[in-house]
Amino acid sequence: MKVNNEFKGLLPALFTAALISMLPAQPGAQVREESHGVVLLRGLPTLETAHSIAIVELDPEQENFGEILSEVTQPDMTHPLHHLYYSPAGRLYATGLDPVCSLAEIGLERDATGAPQVTGFECLDTQGQMVGEDIMWHSSNGTEYMFVTFMGGTGGDDGGTLGVFDPQTNAVVKVIEARPSQVGADKPYIMYPHGISAYQDRMIITSTVHPDLATGVGNALTVIDLNTLEPIQNIVVENEKPLGFPSSPVEVLFARPSMNENIKPAVLVNTMFGFETWKVPYDEASKTFGDPEVLYSGAANNTAVPLEFYGTDTELFISHALPGVVKRYDLAKLPDLVSSGPDIQAAPGAHHMIFFTSKSGRDLIAVQNNLLNLGNAADNDPTDVDFIAALNAHTITVHDLATGEQLGSVNFREKYSKGVDNLEGLFGSGFVHHH
Amino acid sequence: MARQRWIATAAAVVAIGTGASYVIRALPPDPTPVADFSAPFVFGRFSVPQDNPLTEEAFALGRRLFYDPALSGGNDRSCATCHIQRLAFTDGLPTAAGLNGESLEFSSMSLVNLLWGQERFFWDGRALSLEQQALLPIENPQEMAQDLEELVRELKGSRQYRRMFRQAYGEVSSENIARALATFMRMLISAGSKYDRFLRGEAVLTEQEELGRKLFMAHPDTKVSLRGGNCIDCHSQFLTSGFRDGLDGFSNNGLDKDVDLPAGLMAVTGNPAHKGFFKVPTLRNIAVTAPYMHDGRLQTLEDVMDHYNGGVVVSPTLSPLILEADNAASPPGSFVGLRLTDSEKAAIIAFLHTLTDEAFLSDARFSNPLEGEL
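Sequences listed follow chains L and P, in order.
The first sequence lines up with residues 1 to 435 when you count with this note's numbering.
The second sequence lines up with residues 436 to 809 when you count with this note's numbering.
Simulated from the structure, these hints should not be mistaken for lab results.
Among the clues, some could well be false.
To be verified - Restricting the straight-line Cα-Cα distance to at most 20 Å, the calculated cross-link-like pairs of lysine to any residue (SDA-like) are:
#	chain 1	residue 1	chain 2	residue 2
1	P	Lys629	L	Asn141
2	L	Lys415	L	Asn141
3	P	Lys629	L	Pro88
4	P	Lys649	L	Glu240
5	L	Lys241	L	Lys174
6	L	Lys264	P	Thr657
7	L	Lys264	P	Leu661
8	P	Lys710	P	Ser750
9	P	Lys658	L	Ile263
10	L	Lys359	P	Arg480
11	P	Lys629	L	Gln168
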């Protein structure tokens, strides 16, 4: 399970998370700040900028399109925060790549004019779990917990943990760990977990890649029984190997009837290095998973590095970092992928996205185009790697949701000398449901 | 000669003095933005009129006006007569007491978190801003029966008010009275209840409160055996008030049959589809604001739950959200209601009690400033 040389020497941790982001559950929710995005910005070493959390205007119809409205920097962190999530209670969290801050709660407040402000962030005790990736709130035996995947886990060559936290106090309730070397052959393991999704009492996490991108790559899903909080099964999702190494399943979505009543439960998963989207059927009555099947092949369709699942009321969106497109599917037809329109042509690195309406009421999608923001060889940036550089447009492009037409683009490297690693909507509430 | 010089000097001094005081008076006021303002992010966006920003001076003036009986024609009642702090700025009466001894048509409304929620005020939504609202009770012959010009004259006669108006806005005027009262009311922010502390991760709800919270937030769905009280469909998740957009924050929650249904919002919009629509009120501090509904017809929270559970009266404008919300497949023609169990009703009531914010109800900043002066 060795990755080839192209990947050697990268900074720890990669490829962000984020699954389905269902739009506000309530029509006419009273907050009208959809066009504000919260972004995690990465300082670029040769440009001498610091990592930061910022609020940015993303409506091309606004005069201050692309402007940062509030920003808090993290000068003391070598690696930036990684991925933002709102809890059901409206608290904002971020996972982090720096061992000093693998999970954080971010403070948001309003000033006397009503303007939102980032007030700071507090790094949480993870009991040694590192390289936080995805967060999901879900119940186990009737009690709600905050589940976090840590791709580095507590360290080592085959590490990785699923952290279970008290959503009120942020305290660790349990560290679920099951290294292949610990559990023994053919026993369910957890390794490099990244994607996370759940339905009823079954949670799925993925086995993606060792954070150093050199030690190992995964090719399977791990099923967690939420009654016992133990891993009970691995499901291999691997077929073509266009890059010559394991498939690296990344984001996962447990498609389920609460998204749309026509949906029969099944797991969808994107393989970062296999370039595929897989479906694993689920039988609710017997709680068993069927044979995995490839629904979409990037090799056959000239796309690579599929990343995120996001959803609106009617469609499912999947980003493909190369060539930088967002494909769209009919939500009601899940778990099958039935196209609902032409691809949205974003930019290399197409990754996270948000949906909102413009000032004039136009439905928009904003796509963050950056796989891993490590600088650019042309700038003599020591952290650059060509493969990654080709996947970093450093932009957020904003498109008409109906037609895909690009209406605006913010280039964070040009404008702020920073990369943009993550994008989340500033709804000012917990209406955003990931996974 | 000497005397003349003295007179000339005195005249000059007077002239300079008057000039100076004229200059001081003409200087635009430079009020201080409210210090340490903080509002929970989850309450959402709000906006304050650009010509009436939140300032310390306007707040102090508004607070004094709110409590000052000089605002009424008979100098015998203030806003606080009907809006009492420890009752979350309600008055404990079914409907407010009018000046002629008769009671008014409507129940006094709680004044809390008015920066958020509907941008229309009063049960029927007839006022479009707090500035517009603030002068109405003053002039209302049944409420405070005060002529505004007369009030401005009275306030101009007070040194203290002249100074306070000058610092906050400039001159004493009815517009500035309205602005100051609006500022005071905008600052009545309640965000310290157990529910708020729960949201911030600082408190844990009891099992019963937590069940009540879940029921409050859920729309029942018998197909997937999800039980719910449906409250969140109208009383929003964090504020518990109605929604802000358009007229979304008004509805008919099934109190009366068509013939008895008051006009409500229809009186303002003229639209028969709005007959019997009332402003969805905040439920913050609801445990201290009995009796309930626009006319105070329900005495207790138990009565309120009985209403939603099985006492809903059907009329053409009854909210479909209420008509549809049922925890059991009800036989056709039977009563409309949630069909929750007694313990589920009790759980929702327990949750409603977590909305009481003791710190708000006793916050000295919102108390009567005149009391100290007596």
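To test your reading of the hints: which numbers does this structure violate? When the structure is compared with the hints, numbers 1, 2, 4 and 5 turn out to be violated.
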